[in-house]
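*Asks:* Using the sequences plus the hints, can you model the full thing?
Top line first, the protein sequences correspond to chains L and Z.
Under the numbering used here, think of the first position of the first sequence as 69, with each following residue one higher.
Under the numbering used here, think of the first position of the second sequence as 69, with each following residue one higher.
In short, the hints are calculated from the structure, not lab data.
In this text, all values refer to a predicted model and were calculated from it rather than measured experimentally.
Incorrect hints may have been included.
Where chains are identical, the list cannot tell them apart; a pair therefore holds if satisfied intra-copy or between any two copies.
List of simulated lysine to any residue pairs, SDA-like, C-alpha gap at most 20 Å [said to hold, decoys possible]:
| id | residue 1 | residue 2 |
| --- | --- | --- |
| 1 | Lys243 | Arg169 |
| 2 | Lys226 | Ala166 |
| 3 | Lys207 | Ala127 |
| 4 | Lys177 | Ala166 |
| 5 | Lys226 | Thr160 |
| 6 | Lys243 | Met69 |
| 7 | Lys177 | Thr205 |
| 8 | Lys226 | Met208 |
| 9 | Lys273 | Arg113 |
| 10 | Lys243 | Leu225 |
| 11 | Lys207 | Val155 |
| 12 | Lys226 | Thr202 |
| 13 | Lys207 | Asp192 |
Number of protein chains: 2
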Amino acid sequence: MSPPAVILSHPQMGENVGSAARAMKNFGLSDLRLIAPQFGWPNDRAQILASGSGDILEAAQLHPDAASALAGFQLVLATTARARDAVREVLTPAEAAARLREAESRGIKTALLFGAERAGLDNDEISLCDALITIPTAKMSSLNLGQAVLLLGYEWLKAADTTPATRTRDSFNDKPASRQELVDMLEHLEGELDAGGFFFPPAKKGAMVRNIRAMILRAGLNDGEVRTIRGMIVALVKNKYRGEKK
Amino acid sequence: MSPPAVILSHPQMGENVGSAARAMKNFGLSDLRLIAPQFGWPNDRAQILASGSGDILEAAQLHPDAASALAGFQLVLATTARARDAVREVLTPAEAAARLREAESRGIKTALLFGAERAGLDNDEISLCDALITIPTAKMSSLNLGQAVLLLGYEWLKAADTTPATRTRDSFNDKPASRQELVDMLEHLEGELDAGGFFFPPAKKGAMVRNIRAMILRAGLNDGEVRTIRGMIVALVKNKYRGEKK
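*Replies:* Now the structure itself:
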C-alpha cells in the first residue's frame with residue numbers, strides 16, 4: 069500500500085519543486101517525478117527550499133512527457149483551477165484523497181498530476197487522467213505549486229488520520245477527577261460561600277448552587293486541578309478572616 | 069458574520085507575513101494583525117510575497133502584545149505543534165473551522181493566533197486562548213507560517229463550501245443523454261456486432277450484451293457523446309465492409 073506519486077509537469081521554478089518536496093515530506097509522500105523541468109536538474113534553489121526533504125529530490129525521476137511519467141499508474145488525478153473543454157469528473161480534494169486511499173488499499177498504483185506554475189496542465193495531459201481535482205478557494209484562486217501539493221498531501225494524510233476532532237492534551241498524565249473529589253470540592257466551596265453570606269436570598273440557593281456546579285463541571289477538571297482549587301478556596305478564606313480581624 | 073482574524077505573534081520574516089496575507093485572500097479572510105513583528109513595518113519582502121493581497125497588508129493592525137491584539141475577540145484558537153505544560157483542549161483544523169463558523173453565526177468575534185516561525189507561541193500567549201489547534205502531519209511536522217495560515221484558511225472556507233464531492237464539469241452545456249438515445253445507440257452497436265459475428269457462442273449473447281451495456285452506461289454519456297459514438301460505429305463498419313470488398 070504505497071502513497072500516491074506526485075508528478076509535476078513542466079515546472080518553471082526550482083523553488084516550487086523544493087517546496088513541493090517539503091510539503092510531500094510533511095504529509096508522508098515520497099515518490100516525486102518531474103516532466104521536462106524548465107531549469108537544470110539537480111537544482112540549487114530546489115535544494116534550499118526542500119530543507120529536510122533532500123532525499124525526495126535525490127530520488128526524483130525525470131520524464132520527457134506525461135505519457136512516460138504516467139505509464140505505470142492505474143489511477144491518476146489531475147489538479148486544475150480552470151474549466152476544460154471536455155466533460156470530466158471534478159473532485160474536491162477530500163473526495164480525491166478518499167479515492168486514492170481506497171485504490172491504494174486494493175494495491176492500485178496512484179498518482180497526482182500538477183501543471184506548470186502559470187500554464188497549468190494542457191488538454192493532452194488532462195486527457196490521460198481519470199478525473200480532475202479543483203481546490204475550493206475564494207475569489208483569488210491562484211495557489212502556487214507548493215501550496216497545491218501541500219493541500220493535497222494534507223487531505224491525503226487526513227483521510228487516514230485517526231486523531232479525534234477534539235482531545236484534551238494533558239502532559240502531567242493527570243486523570244479526570246472522580247465524582248467524589250468533585251463533590252468534596254463543590255461542598256467545600258459552597259460551605260465557605262454560605263459562611264460568607266453569598267447565597268441570598270436563601271430561597272434562590274438551590275438554583276445558584278446548580279449554576280455554579282454547571283460552570284465548574286464544564287471545565288472537565290482533573291484530580292490535580294481539584295486539589296489546586298481547594299487550595300485556592302483555603303487561601304481566599306484565610307485572607308477574608310484576616311481582613312475581618314483587623 | 070465576519071471571518072476570523074489572523075493574528076501573527078512576533079513574526080521573524082516579512083516574507084512569511086506576505087505569504088500569510090496571500091493565503092488569507094485565497095480563502096476569504098481579511099483581518100490581519102501583527103504582534104511586535106521582528107522587522108520594520110511596512111515591509112518590502114512582505115509586499116512582494118503578498119502579490120494581489122496588498123490591501124490586507126495595508127489594513128493590518130500592529131499590537132505590542134497578545135493581550136492587546138486579542139482584547140476584542142470572544143473565541144480565540146491558537147495553533148501549536150508541540151505539547152504544552154497545561155491541560156488544554158486540542159482540536160483538528162476541521163473541528164476548529166466548524167467551531168469558528170458556529171461562533172460566527174452567533175455574532176461572536178473570532179481569531180486564529182499563530183506563533184513565530186521558530187519559537188511558536190509562548191505559554192503566556194497560549195493561556196489567553198480558548199483551545200489549541202494541531203495540524204496533523206507525518207514525522208516531519210514543521211510547517212512554515214504561510215503554510216499554517218493556508219491550511220487553516222482552507223479548512224475555514226471548506227467548512228461552508230457547498231461544492232459537491234464529485235461533479236461532472238461540462239463546458240458545452242450538453243445534457244445527459246436520454247434513455248431513448250442510449251437504447252438506440254446500444255441497439256445500433258449490438259446490431260453491427262451481431263452482423264460481425266461478435267456474439268459467440270450465441271448462448272452467451274445475453275450476458276455479453278449486459279456487460280457491454282454496463283461498461284458504456286458507466287461513462288454517464290451526454291447527448292453529444294452519444295452522437296459521436298454512433299458516428300464512430302458507422303465509420304468502423306464502413307472500413308470493415310471496404311476491407312471485405314478488396
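*Asks:* Hint by hint, note whether the structure agrees.
*Replies:* Against the structure, the hints come out as follows:
In the homo-oligomer, the alpha carbons of Lys243 and Arg169 never lie at most 20 Å apart, since the shortest distance is 36 Å inside one protomer and 32 Å across protomers. Taking CA atoms no more than 20 Å apart as the test, Lys226 paired with Ala166 passes in both settings, with 9 Å inside one copy and 16 Å between copies. For the homomeric pair Lys207 and Ala127, the shortest alpha-carbon distance between copies (19 Å) is at most 20 Å, but the shortest distance inside one copy (37 Å) is not. Only within a single protomer do Lys177 and Ala166 lie at most 20 Å apart by alpha-carbon distance; the minimum there is 14 Å, versus 34 Å between protomers.
Taking the shortest Cα distances, Lys226 and Thr160 sit within 20 Å of each other both inside one copy (14 Å) and across copies (10 Å). In this assembly of identical chains, Lys243 and Met69 lie within 20 Å of each other by CA distance neither inside one copy nor across copies; the values are 38 Å within and 39 Å between. When the C-alpha separation of Lys177 and Thr205 is checked against a cutoff of 20 Å, the pair qualifies neither within a copy, at 29 Å, nor between copies, at 22 Å. For the homomeric pair Lys226 and Met208, the shortest alpha-carbon distance between copies (15 Å) is at most 20 Å, but the shortest distance inside one copy (25 Å) is not.
Taking the shortest Cα distances, Lys273 and Arg113 never come within 20 Å of each other, neither inside one copy (70 Å) nor across copies (61 Å). In this assembly of identical chains, Lys243 and Leu225 lie within 20 Å of each other by CA distance neither inside one copy nor across copies; the values are 30 Å within and 36 Å between. For the identical chains of this complex, Lys207 and Val155 are neighbours neither inside a copy (24 Å) nor across copies (39 Å), given an alpha-carbon limit of 20 Å. In this homomeric assembly, Lys226 and Thr202 come within 20 Å of each other (Cα to Cα) both inside a single copy, at 18 Å, and across copies, at 12 Å.
For a Cα distance limit of 20 Å, the shortest separation of Lys207 from Asp192 qualifies neither inside one copy, at 27 Å, nor across copies, at 37 Å.
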